[in-house]
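Chains as they are written, first to last, in full-length UniProt numbering: chain A, 1 to 371; chain B, 1 to 371; chain C, 1 to 371; chain D, 1 to 371.
Keep in mind that the hints were calculated from the coordinates and are not lab data.
Quantities reported herein were computed from a predicted structural model and do not represent experimental measurements.
Any given hint could be a false lead.
Stated by the list, open to error - Pulled from the structure, derived: some chain B residues nowhere near chain D, Cβ distances all over 12 Å:
| no. | residue |
| --- | --- |
| 1 | 5 |
| 2 | 8 |
| 3 | 31 |
| 4 | 69 |
| 5 | 116 |
| 6 | 125 |
| 7 | 130 |
| 8 | 262 |
What the hints assert, rightly or not - Okay, the calculated beta carbon distance ranges per label pair:
| no. | chain 1 | residue 1 | chain 2 | residue 2 | range |
| --- | --- | --- | --- | --- | --- |
| 9 | D | 357 | C | 171 | 51 to 59 Å |
| 10 | A | 147 | B | 306 | 27 to 35 Å |
| 11 | B | 352 | A | 307 | 16 to 24 Å |
| 12 | B | 53 | A | 213 | 50 to 58 Å |
The C-beta atom is built at its ideal place from N, Cα and C for all residues, glycine as well.
There are 4 protein chains.
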Amino acid sequence: MSGNTLGLLFTVTTFGESHGPAIGAVVDGCPPGMALSEADLQLDLDRRKPGTSRHVTQRKEEDRVEILSGVFEGKTTGAPIGLLIRNTDQRSQDYGDILQTFRPGHADYAYHHKYGFRDPRGGGRSSARLTAPVVAAAAIAKKWLHQQYGTQFYGYMSQLGSLEIPFKDLSQVEKNPFFAANADIIPQLEAYMDELRKAGDSCGARIEVRARNMPIGLGEPLFNKLDADIAHAMMGINAVKGVEIGAGFKSVAQRGSEHGDEMHPDGFASNHSGGTLGGISSGQDLRVSIAIKPTSSIMSPKQSIDLDGKPITVQTKGRHDPCVGIRATPIAEAMLALVVMDHALRHRAQCADVQVAVKPIPAARPGSTPD
Amino acid sequence: MSGNTLGLLFTVTTFGESHGPAIGAVVDGCPPGMALSEADLQLDLDRRKPGTSRHVTQRKEEDRVEILSGVFEGKTTGAPIGLLIRNTDQRSQDYGDILQTFRPGHADYAYHHKYGFRDPRGGGRSSARLTAPVVAAAAIAKKWLHQQYGTQFYGYMSQLGSLEIPFKDLSQVEKNPFFAANADIIPQLEAYMDELRKAGDSCGARIEVRARNMPIGLGEPLFNKLDADIAHAMMGINAVKGVEIGAGFKSVAQRGSEHGDEMHPDGFASNHSGGTLGGISSGQDLRVSIAIKPTSSIMSPKQSIDLDGKPITVQTKGRHDPCVGIRATPIAEAMLALVVMDHALRHRAQCADVQVAVKPIPAARPGSTPD
Amino acid sequence: MSGNTLGLLFTVTTFGESHGPAIGAVVDGCPPGMALSEADLQLDLDRRKPGTSRHVTQRKEEDRVEILSGVFEGKTTGAPIGLLIRNTDQRSQDYGDILQTFRPGHADYAYHHKYGFRDPRGGGRSSARLTAPVVAAAAIAKKWLHQQYGTQFYGYMSQLGSLEIPFKDLSQVEKNPFFAANADIIPQLEAYMDELRKAGDSCGARIEVRARNMPIGLGEPLFNKLDADIAHAMMGINAVKGVEIGAGFKSVAQRGSEHGDEMHPDGFASNHSGGTLGGISSGQDLRVSIAIKPTSSIMSPKQSIDLDGKPITVQTKGRHDPCVGIRATPIAEAMLALVVMDHALRHRAQCADVQVAVKPIPAARPGSTPD
Amino acid sequence: MSGNTLGLLFTVTTFGESHGPAIGAVVDGCPPGMALSEADLQLDLDRRKPGTSRHVTQRKEEDRVEILSGVFEGKTTGAPIGLLIRNTDQRSQDYGDILQTFRPGHADYAYHHKYGFRDPRGGGRSSARLTAPVVAAAAIAKKWLHQQYGTQFYGYMSQLGSLEIPFKDLSQVEKNPFFAANADIIPQLEAYMDELRKAGDSCGARIEVRARNMPIGLGEPLFNKLDADIAHAMMGINAVKGVEIGAGFKSVAQRGSEHGDEMHPDGFASNHSGGTLGGISSGQDLRVSIAIKPTSSIMSPKQSIDLDGKPITVQTKGRHDPCVGIRATPIAEAMLALVVMDHALRHRAQCADVQVAVKPIPAARPGSTPD
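Take these sequences, add in the hints, and give me the full structure.
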C-alpha cells in the first residue's frame, strides 16, 4: 500500500485533499452486528471541527459524514464501511504564488521532489483536514471497544507553547476550546493565543492521550508491539515531532528501582510503563504524550527559495490555525483507538481460546497515582 | 503477520528465543547484484555483541552469522537472504522460580495473560538478544543505501542516566563502550556505572541516531510518513519509551518563526524538522532521539505477585545489562536503516521515472548547525 | 485487511453494496503525472454496464464515475484516487421473503453463518455490481501500462453454455453483446439465450483474457508468482470456478517435448506457458482462461431450507442476468490489468536498476500461433 | 513483501535454494499451547521426499526438519516457529553450460531478465525443492485445524499424462508412489512412466485435493474469497497451470438448474460449488483440482538460445522427476491447509463472537455424492 491505509485487520483507507470535492475513508474489518449511525461518528467530528473558537482556523466546514455502505437497518454487516465528507468551503484561491515557492516547514519542497509537482490547494493531501475521516473511522472503533471491553479514550492538552497546563479536572476538557483539564488557566491560554495571533506567529502544544479499561494481551512481540504501533500512529499525525509512552524521556534518568511498576494483589502501584510490558498491554491505562510543532503557516516573513532556486521571502496569508495542537486532542484519541482496535482483532485471531488461570490484577491499586 | 516482520518491500522476518538453539531472520526484497558476504554483517554484529566491557552482560556469544541463501558467487540474487545465528551460551538455568512469579517491569505478566503461559528461558522472545538478526539484516540495507545514495547511518549516546553527554567528536564513538562522542566524559560514565552496579540498580539512556546523504522524497503522505515508520521502528526496540524527530518535544515551546527551517540557495539554514517535511524526506539529515528505560532486571528487591496472585518479593540474579542503552546504539542505527531502505524501494515503485526540474539544495548551508 | 483490498503497491479498496446509496473504490499507488479524467474510466464502465441488450439484466444504471481526489489539473498527483458511483436504480424491494430463505448456489447461507445475519438488498456485498469500481480502477492501470510499456489487454468469450465459440476476428468483440470474436455465431448465441430465458434457466461461460506487449520480469519467485496472483484475481470474480494459464488443463496430457516453448532468435515458437516462466513474465502474451458458472438466480424452482431449517421451494423473481458470463469480459480484463500493474510497480522497487546484457526475443516468432 | 511470504495471520516466510546450504521457513501466528514436535512435521515431509520410487528424482535428501524456535517444553508458545532443513545432497555440478543457455520451459529466461543474472544451482529459488519447508509449515496448520474443527485434508492423483485414474479407494493413496486412489491401475501407471523415462520425455498430472469437516464462514467477501486465496496458493506451486473449484470448467456447460446445490434439512444434495458460496466456506467439503504441466527438464533435445541470443540445442542431463506431479499431492494438500488456517484465524478476528441462531446442515445429505 502506498501509505494511505492504517491497520492490518481493522483498516482505514483514506482519500481526498483539502480543497477537492470530498474526503473520505473506507473502514474495513468492523465486526458485524454493532448498532451504528452517522450520529455516532458526528460527535467526534464536531469536536475536531474548525471554526469553533477564535483560536482556530475560521474555515467553515460542516463536516457532515455520510455512511455509504456496511450498515443495514442500523447495524454493521461486516462489509466495508464507506465514509464520505463533502468539502463545502473550498474557497477559490489564487495559489499561483504558492506554486512558485517552497514555504519553510511545509511539505511543499518534499512533495515537489517526490512527485515532480504538487497540488497546492490548501496543502492538498498534506492538509490536517485529512484527519476528519480518520476521526470518523475511529469513532466506530471506540464504540466497539467500549461495548466489548468498556475501554474509553480521552485526551487533553498539557502544554500550550511555553505554558504548562497542570492537570486538574477531566470534566473541564470539553468545556474550553483548548481541551485543557483545568478551568483556571483558560484566561491565560486565551491571552497567550491572542498575543501570538497579534504577532503573526504560531506555537506548539503537548497533548496527553489515555485509554482506560484496557484488555490485557494486545500487541505482538517484536515489530508490532502495541507501543510501536501507537508511536507509528501518533507520529503519522500532522505536525507531531515526538511520542512518549508512560514515563517517556523521563525514564532516561530514572533508576530501575524506581521505574519498574510494582505489582500487588490489589493492583499496580504505579504506571511508568504507560500500560505495556514487553510491547503487550498489561491492563494498566495506556499513557501517551505527543509533541506538536508550531504551525508552519505564519504571517511573519521567512526566507525561502522559488522554483528556480532563487531566494525569496515567504509570508502566509489566509485562514490558518496559529496552533494546530489546539484541535489535535480528538485526532490523537482517534489514532490511539484505531491502534487498540486493530490489536484487539489481531489478538482474537491468535489467542481467542487461550485460557489463563491467573486472575488479572486491577490497573491501579487504591491510592496510586496512575500518571 | 503476527508482528515478527518489519517492512513492506524490504522485509525482515525474525525467529528465535534467547536460549533456544538459534535465532535468525529472513531478509526479503534486497535488490540483486550487490556484493555481500558474512563479513559485511559481522561488523555491526560485533558492535552490538555482549561481553565486550564490564558494563554490559557477561554472556559470551560469538554471534557468528551464517548466510543460508540469497547469495550466489558473492552477489545477492534477489532471492530471500536467510540468516542464522546459533546460540552458543545457553546456560542451563533454574528458571523454576521465574516461572512462578511476574517480575516488575518485565514482559512476564503481559505474555502470560496473552498466551496463557510463557517461555522463561532468558526472557524468551522478549529478550534483547533478538536484536542480533535485525542488526545483521540492517547491515545489508546499510550497504545498499551507501552504494546507491551515499547514505550513512551513525549514532551515539547523549545521556546516561542523569548524566548528559555533550557531543564533541564523532570519531570517539567507536573507541569507548558507551558509544559516547566525547572522550573526556568516559571516566565519569565509568564511575557512574560502577556505582550503579554496586547499588544493584540500573539506569536509562538517551541515544541519537542520524542518517546523512539522504535521498529526497522517501515517505508516504498519510499513515506511512517516513517519520511515522521511524517512530514505529524505534519504539519496537526493547525498552524504548520515547521517540523524537528533529526538535522533538522542544518544538512544543518553539514559535513558528523559529521552528520552520529556512531554505537558501546554498542550503537549509537549520534542521528542526529532523529531515522530513510532511512526512517525506527533504534531503536534510535524519535526526532521531530515543529514550531507553532502565533495565527491569535489578539486584535490589521489588514487590510483585506470584502465579496465585499472592504478594512476593522479586530479586534478579544472573548476568544482566545494568543499562541496556549502552548496547542500543547499533540497534537504533539498524532500525533506522531498515526503514530508510524500505522507503527507498517504495519510492522507486511509484516514482521511479519522476522528472524533477528543480535542483535540490544542500542539506545544510555552510555554517549552519545541523542539530 | 478484511479482503476488500487488492494489490500491494497499486491497491484497490472497494466499498458498497448493490442497493446502498453508492459504491466506490480508493485507488492507491498510481504514479504521479499521468493525464487522467473521468472519461478514461467511463469507457470500460460502459462496456460492463447492465441493460445494454436483452440478454443481460435490465437494471438501468448510468454507472457514472466521479473522481473525488488524486487528480489535479488533469494529472494524477500520486495521492489516492477516490472513485464514487452513485446507485441510481435501487428499486425498493420486498426482500422479506429472501431474508427468510437460503437460495441454492447463493452467498446467503455462507454470509448468514459468517456474520450472523445479512444484507439482502440485491445480494448486498456479494453482488456482481461491486465489479463496477474495480473496472474503473483498472482503467487507470490500463492507461499507465499502455503508456509505459505499450501493454494492451483484451478478452473475449470462447464458450457460452455448451456452445463453443471459435475465435475468428478480434475486431468483432465490441460489436456484439457477447464479446464474441466471431460474427457468424451471433444468431446461434442469441437463440441459445432466448431459449434459456424462456426455460427460466441460466448457463455458464468461458472467457479468454490476454495481455500483449508485456514487460519481462514481472512476478515474484515463490508465493507471488505472476500467475498465482492472476489466479487469485480471477477466482475473486463472482461466479468464477476455474482458472487456466496458457495450456491450462490441457498441459496434463501434454509431453514435455511438446509443452516447453522453444526459443529462437526471432521469437518464441509457441505459447503453452501462457506468458510466464517460473511465475515470472517472459515477454510472451499472457493467456488466461476462466470458467464462469451459471447464474444462481433462476426462475425454475429449487429445493432449499428456511431460517428455521425447514424445507422450502425457492424460485427467483426479478431482473437477473441469465448468464453473468456475458458481461464478465471487461471484468476479467480489469482484474488482469490490476495484477500486472501491481507487479510492474513491485518490479521497479526491487529491480529498477538491473542491467540485462541479453536482448529479449520477440513474444512470438513469425508464423507461430500464440494460442 | 517480495513474494516469499504466504498468508496474512498465519504466515509462512521461506528462504533457500535447491543447492545452497539449507532451506527453511518462519511460521508466524500459530496459536499458543498446541503440542508440537519435529515428528509432527516429518510425516508429510517424508510423503513429499524424493528418491522413494524409481519414478521420481533419485536425489537423496533426508529432509530432516529442525524446529529452531516457537516451541517450549513441547508446546507452541505463540512466537514464530523457525524451521530449518539442511541440504545434504548438493552434488557439485558443472553448471557452466546451464549458465550459458536458456532452457525451454524453465525459469532461466525470466529470472535472467528480472534479476540480471541467476543462480543456476539446481534451479536455485525456482526449484520444487522449496516446497519442503512449506509442507513442514502446513503440517502445523493441519494439526491445529484438526484439533480445533476436526478438519482433514487429503489428496490424490486423478490423471497421469493421458491416463485418467478413476477414483476407487482412498485407503490406497499412501500405498503407491503415485498417490492414486486406485490399486488396479498401478501397473498401467508404472508402465506409462517406464515408457516415458525410456523416451527421455516427461508428462503432466492432475491432482485432486479435499478438505472435510470444514468450519463455515471462512473467506472474505471480495478479493480474499476463500476460493480466490486457494487459487492463489495452488497456482503458486511449481508447474501448476490450472485450478478448479468444485465443478470447475464443467460448470460452463452446466445449467443453473443443475449447478446450484440444493439444501435439505439433512444436508446439501450435491457439491458443484466445491465448498464455497460467495467465496465463503459453506461447511461442504472443499474440492480443488489442479493441472500440473510436464517437467521442463527432459532428455530429448529442444531448440533454444544462448546468452548471446544464438540458436542452440538444449538437452537436460541429471536426476529429474519425469513427472513432478507424482510428488505434488502432499504439496497441494499443504497449500490448501495453509489457506484454510489463515482464514480460520481471520474469521476469529472479525467474527469471534457472532451468534448464529440457524443450525448448519450436514455437508452432504445421506446418499449424495460429494463430487
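Hints versus structure:
{"no.": "1", "hint": "5", "verdict": "7 Å, violated"}
{"no.": "2", "hint": "8", "verdict": "7 Å, violated"}
{"no.": "3", "hint": "31", "verdict": "9 Å, violated"}
{"no.": "4", "hint": "69", "verdict": "4 Å, violated"}
{"no.": "5", "hint": "116", "verdict": "6 Å, violated"}
{"no.": "6", "hint": "125", "verdict": "4 Å, violated"}
{"no.": "7", "hint": "130", "verdict": "10 Å, violated"}
{"no.": "8", "hint": "262", "verdict": "41 Å, holds"}
{"no.": "9", "hint": "357(D) to 171(C): 51 to 59 Å", "verdict": "56 Å, holds"}
{"no.": "10", "hint": "147(A) to 306(B): 27 to 35 Å", "verdict": "34 Å, holds"}
{"no.": "11", "hint": "352(B) to 307(A): 16 to 24 Å", "verdict": "23 Å, holds"}
{"no.": "12", "hint": "53(B) to 213(A): 50 to 58 Å", "verdict": "45 Å, violated"}
In the structure shown, a violation is registered for the earlier hints numbered 1, 2, 3, 4, 5, 6, 7, 12, in ascending order.
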